[in-house]
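Sequence lines, in order, name chains A and B. Just so we're aligned, residue -14 is where the first sequence starts under our numbering, counting upward by one. Just so we're aligned, residue -14 is where the second sequence starts under our numbering, counting upward by one.
Simulated from the structure, these hints should not be mistaken for laboratory data. Warning: the hint list may mix true and false statements.
With a straight-line cut-off of 25 Å between C-alpha atoms, the simulated DSS-like cross-links for lysine-lysine are [said to hold, decoys possible]:
| hint | chain 1 | residue 1 | chain 2 | residue 2 |
| --- | --- | --- | --- | --- |
| 1 | B | K66 | B | K53 |
| 2 | A | K42 | A | K3 |
| 3 | B | K87 | A | K42 |
| 4 | A | K50 | B | K87 |
For the chain A half of the interface with chain B, some residues (derived, Cβ under 10 Å), not all of them [unchecked claim]:
| hint | residue |
| --- | --- |
| 5 | L26 |
| 6 | E55 |
| 7 | G93 |
Just so it is clear, the structure is predicted and the values come from calculations on it, not from any experiment. Glycine is no exception: its CB is placed at the ideal position from the N, C-alpha and C atoms.
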Amino acid sequence: EAQVTQNPRYLITVTGKKLTVTCSQNMNHEYMSWYRQDPGLGLRQIYYSMNVEVTDKGDVPEGYKVSRKEKRNFPLILESPSPNQTSLYFCASSLSRQSGRNSPLHFGNGTRLTVT
Amino acid sequence: GQNIDQPTEMTATEGAIVQINCTYQTSGFNGLFWYQQHAGEAPTFLSYNVLDGLEEKGRFSSFLSRSKGYSYLLLKELQMKDSASYLCAVRDLRDDKIIFGKGTRLHILP
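Sequences are here, hints too, so could you generate the full structure?
Okay, structure coming up:
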């Protein structure tokens, strides 16, 4: 089954304790992206990647890191989480314009992160 | 840069028709998407427009006018399960970014 898998679904942590949210897709998509969703602010893009070893900042990258060592994986790293990073996070993937085709984003089920 | 505007909330009656508008500004347009999102769940894809005109898919239709930077999502024969947020998103031709509007929360009354 074609899917985007992100883990964990729920995470409660304390300020300053490094954490990683994993994201994996099995559709051979070039494009992957992380969003956070907060009430009244909608989905805001954190980082995105157009292919392996290519990553770019989105609109709210501060406090986050990403890596794209393999095509299928795109982990989101919070080196020193703070309470303002409490949010609902979504990973998503799609074909990119490099493939010559456009395609919608496929989303993971989300990770609800609470930083105390 | 990109900017996407859509109404924050709308209310409609079961069985009726509702139109959700979206206006956008982007330096390079490469497609517009509509997604449905129920509270606490992931967005699910509804429709895609890259050329001007209407795309129909069952009870849902989406329209695009590139010259006006305007799209709408039309939902017919509304059902209670259509109560959700509807997200408009635009893909940028230059950097392939996909940016979302803040979403329109649709309430369906019996």
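Hint-by-hint comparison with the structure:
Between K66/B and K53/B, the direct Cα distance comes to roughly 31 Å. Violation of the 25 Å bound is thereby established for this hinted pair. Annotation: proposed proximity of K42/A to K3/A holds, straight-line Cα distance about 20 Å (limit 25 Å). Proposed proximity of K87/B and K42/A is supported: the alpha carbons are some 19 Å apart, at most 25 Å. Under the criterion of a C-alpha separation no larger than 25 Å, the hint pairing K50/A with K87/B is consistent with the structure, at around 24 Å.
For L26/A, the shortest C-beta to C-beta distance to chain B is roughly 7 Å, which falls under 10 Å, so the interface hint holds. The interface hint given for E55/A is violated, since its Cβ lies 19 Å from the closest Cβ of chain B, which is over the 10 Å cut-off. The beta carbon of G93/A comes within 7 Å of a beta carbon in chain B, closer than 10 Å, and the hint placing it at the interface holds.
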